[in-house]
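2 protein chains.
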Amino acid sequence: MAGILFGVGVGPGDPELMTLKAVRVIRENDVIAAPGDDVRETVAYKIAVQAVPELAEKELLPIRMPMVMDKEEQKKNHRLGAKQIENVLDQGKNVVFITLGDSTIYSTFSYLQEIVEADGYETRLVSGIPSFCAAAAKLNIPLTEWQEQLHVIPARQNLKAKLDQPGTYVLMKSGSRMAQTKKLLAESGKKVRMVENCGMPDEKIYGSLDEIPDNAGYFSLIIAKEL
Amino acid sequence: MAGILFGVGVGPGDPELMTLKAVRVIRENDVIAAPGDDVRETVAYKIAVQAVPELAEKELLPIRMPMVMDKEEQKKNHRLGAKQIENVLDQGKNVVFITLGDSTIYSTFSYLQEIVEADGYETRLVSGIPSFCAAAAKLNIPLTEWQEQLHVIPARQNLKAKLDQPGTYVLMKSGSRMAQTKKLLAESGKKVRMVENCGMPDEKIYGSLDEIPDNAGYFSLIIAKEL
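So the protein lines, in turn, are chains A and B. Numbering-wise (this note's numbering), the first sequence opens with residue 1 and increments by one. Numbering-wise (this note's numbering), the second sequence opens with residue 1 and increments by one.
Treat the hints with care, as some may be off.
With a cut-off of at most 25 Å between alpha-carbon atoms, the simulated SDA-like pairs for lysine to any residue come out as follows [claimed, not checked]: (1) B:K173 to A:E145; (2) B:K182 to B:S208; (3) A:K71 to B:E148; (4) A:K83 to B:I141; (5) B:K225 to A:S208; (6) B:K76 to A:S188; (7) B:K225 to A:K93; (8) B:K225 to A:K183; (9) B:K190 to B:A216; (10) A:K83 to A:K93; (11) A:K173 to A:K93; (12) B:K160 to A:E117; (13) A:K191 to B:D119; (14) B:K76 to B:L20; (15) B:K160 to A:L209; (16) A:K71 to A:K58; (17) A:K225 to B:K75; (18) B:K190 to B:G207; (19) A:K225 to B:Y121; (20) B:K225 to A:E148; (21) B:K225 to A:Q165; (22) B:K173 to B:P213; (23) A:K162 to B:E226; (24) B:K76 to A:E145; (25) A:K225 to B:M1; (26) B:K71 to A:R124; (27) B:K76 to B:R24; (28) A:K191 to B:I141; (29) B:K160 to A:E145; (30) B:K162 to B:N215; (31) A:K183 to B:A216; (32) A:K173 to B:K225; (33) B:K75 to A:K173.
None of these hints come from the bench; they were simulated from the model.
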């Protein structure tokens, strides 16, 4: 019988933000996959190994998923990655693919899952803490209260979105083109805060729009709330 | 020295979806608060006690926070609840307030935190898995991929929102006025799925708009995705 492919979210950085289920699923299985040329160099591995030290002894399966903009090349890489995973599943072994944050939100796992599922294998998802929840907790503020809406906008959409909906906006990975993003935020009239590298050793908190530098890092998460 | 008030998310239902940090913070502290007349009867307690059995031996602090629509009465209840908590903090003990899902998303804790913080006490937040992440994992689908936006709309806003933004919509607690909500969803042209009582013994999954009954329960979470 073929193995099962698990997509496991390890949360945004602090290993203590991993769920009991994520820890158990990693512990109980022998083959751990992650996106990259070297699993040990991935952020997801570095988080998970702190909570599950025996991960260091497991069989590691690196899945090459470089960030390319060409859709056809992306698809080719995803097919190759899916094939690598299916080779292991065919041996009757489960594969646990670890992914940053939650496994259902902007995860590279989704592409692999779709292919592997379509090829007739069983797949399952294990939730992780999304970065925006951890960032709000770090800022010690609610993301949404009472009847407020929540809008999460990924990096490349930041500048197209108008930020004119009611409620809270989360801008993910807003490091690039920050000057333009700051202009949009100023126009929104919302209260802006930012966390750079949330849960990492070099984490940095910005309490207002004025404090945010134009050259912030890639893993910058902005929370813009109604006043 | 006064104690610290923690707001701890226990996730949406499955005790295995609690984080290592939530488990530790509950375990390390003696006074556990929850909203309701009887802490043992709250959903948050019933989840947490399965992962931390020693919770049953701890001092339990029920905070009365009835669902009332009158803003003044709400505020009065929140002040009373904050006072109860501050009385314990003044004894130098920490208070751990447990809350369903994540502690920054539509949590009753936010009201208490604001008051207790303004009164000069230290407060901290511990993240939990939001219900919409667990629901997507249960449906075995991504919430958002690539450059999709995510829009979370709480119950009472469901019928005012137009659902005309690109990306994925999550409608929380959409049980009431489901017939009207279904009409809106049909007009949106998105692919609709629903999970009722996610992670609970009576959990139920609906794979399409047509399957969703007009009389679904209060804890119904709808995910509407772009086709």
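Each hint tested on the structure:
1. Among the hinted pairs, K173 (chain B) with E145 (chain A) is consistent with the structure: their alpha-carbon atoms are about 14 Å apart, no more than 25 Å.
2. The suggested pairing of K182 (chain B) with S208 (chain B) holds, with an alpha-carbon distance near 11 Å, which does not exceed 25 Å.
3. Straight-line distance between C-alpha atoms of K71 (chain A) and E148 (chain B) comes to about 16 Å, which keeps the hinted pair within the 25 Å bound.
4. Distance restraint check for K83 (chain A) and I141 (chain B): the Cα-Cα separation of roughly 20 Å lies within the 25 Å cut-off, and the hinted pair is therefore satisfied.
5. Restraint check for K225 (chain B) and S208 (chain A): the C-alpha separation of about 33 Å exceeds 25 Å, so the hint is violated.
6. Taking the CA atoms of K76 (chain B) and S188 (chain A), the gap is near 33 Å; set against the 25 Å cutoff, the hint is violated.
7. For the given pair, K225 (chain B) sits about 32 Å from K93 (chain A) by alpha-carbon distance, which is inconsistent with the 25 Å threshold.
8. Only pairs whose Cα atoms come within 25 Å are accepted, and K225 (chain B) paired with K183 (chain A) is rejected, the gap being roughly 30 Å.
9. Taking the CA atoms of K190 (chain B) and A216 (chain B), the gap is near 20 Å; set against the 25 Å cutoff, the hint holds.
10. A C-alpha spacing of about 14 Å is found between K83 (chain A) and K93 (chain A), which places the hinted pair at or below 25 Å, so the restraint holds.
11. Under the criterion of a C-alpha separation no larger than 25 Å, the hint pairing K173 (chain A) with K93 (chain A) is inconsistent with the structure, at around 35 Å.
12. A threshold of 25 Å between alpha carbons decides the hint, and for K160 (chain B) with E117 (chain A) the separation of about 37 Å lies outside it, so the pair is violated.
13. A hinted pair counts as satisfied when its Cα atoms are at most 25 Å apart, and K191 (chain A) with D119 (chain B) qualifies at roughly 22 Å.
14. As the CA atoms of K76 (chain B) and L20 (chain B) are separated by approximately 35 Å, the hinted pair breaks the 25 Å bound.
15. With a C-alpha separation of about 30 Å, the suggested pairing of K160 (chain B) with L209 (chain A) is violated against the 25 Å cut-off.
16. A hinted pair counts as satisfied when its Cα atoms are at most 25 Å apart, and K71 (chain A) with K58 (chain A) does not qualify at roughly 33 Å.
17. Restraint check for K225 (chain A) and K75 (chain B): satisfied, since their Cα atoms lie roughly 21 Å apart, inside the 25 Å limit.
18. Note on K190 (chain B) and G207 (chain B): the hinted pairing holds, with a Cα-Cα distance of about 13 Å set against a maximum of 25 Å.
19. At most 25 Å may separate the alpha-carbon atoms for a hinted pair to count; K225 (chain A) and Y121 (chain B) meet this at roughly 23 Å.
20. For the proposed pair K225 (chain B) and E148 (chain A), the alpha carbon gap of about 21 Å is at most 25 Å, so the pair holds.
21. Simply put, K225 (chain B) and Q165 (chain A) have alpha-carbon atoms about 19 Å apart, close enough for the 25 Å limit, and the pair holds.
22. Restraint check for K173 (chain B) and P213 (chain B): satisfied, since their Cα atoms lie roughly 14 Å apart, inside the 25 Å limit.
23. Proximity of K162 (chain A) to E226 (chain B) is assessed by CA-CA distance (about 19 Å); at most 25 Å being required, the pair is judged to hold.
24. As the CA atoms of K76 (chain B) and E145 (chain A) are separated by approximately 17 Å, the hinted pair is consistent with the 25 Å bound.
25. For the given pair, K225 (chain A) sits about 33 Å from M1 (chain B) by alpha-carbon distance, which is inconsistent with the 25 Å threshold.
26. Restraint check for K71 (chain B) and R124 (chain A): not satisfied, since their Cα atoms lie roughly 43 Å apart, outside the 25 Å limit.
27. Restraint check for K76 (chain B) and R24 (chain B): the C-alpha separation of about 32 Å exceeds 25 Å, so the hint is violated.
28. With a C-alpha separation of about 33 Å, the suggested pair K191 (chain A) and I141 (chain B) falls outside the 25 Å cut-off, and the hint is violated.
29. Distance hint between K160 (chain B) and E145 (chain A) is fulfilled; the C-alpha atoms sit about 17 Å from each other, no more than 25 Å.
30. For the suggested pair K162 (chain B) and N215 (chain B), the alpha carbons sit about 22 Å apart, so the restraint of at most 25 Å is met.
31. About 43 Å separates the Cα atoms of K183 (chain A) and A216 (chain B), which puts this hinted pair outside 25 Å; it is violated.
32. Straight-line distance between C-alpha atoms of K173 (chain A) and K225 (chain B) comes to about 22 Å, which keeps the hinted pair within the 25 Å bound.
33. As the CA atoms of K75 (chain B) and K173 (chain A) are separated by approximately 37 Å, the hinted pair breaks the 25 Å bound.
The earlier numbered hints that this structure contradicts are 5, 6, 7, 8, 11, 12, 14, 15, 16, 25, 26, 27, 28, 31, 33.
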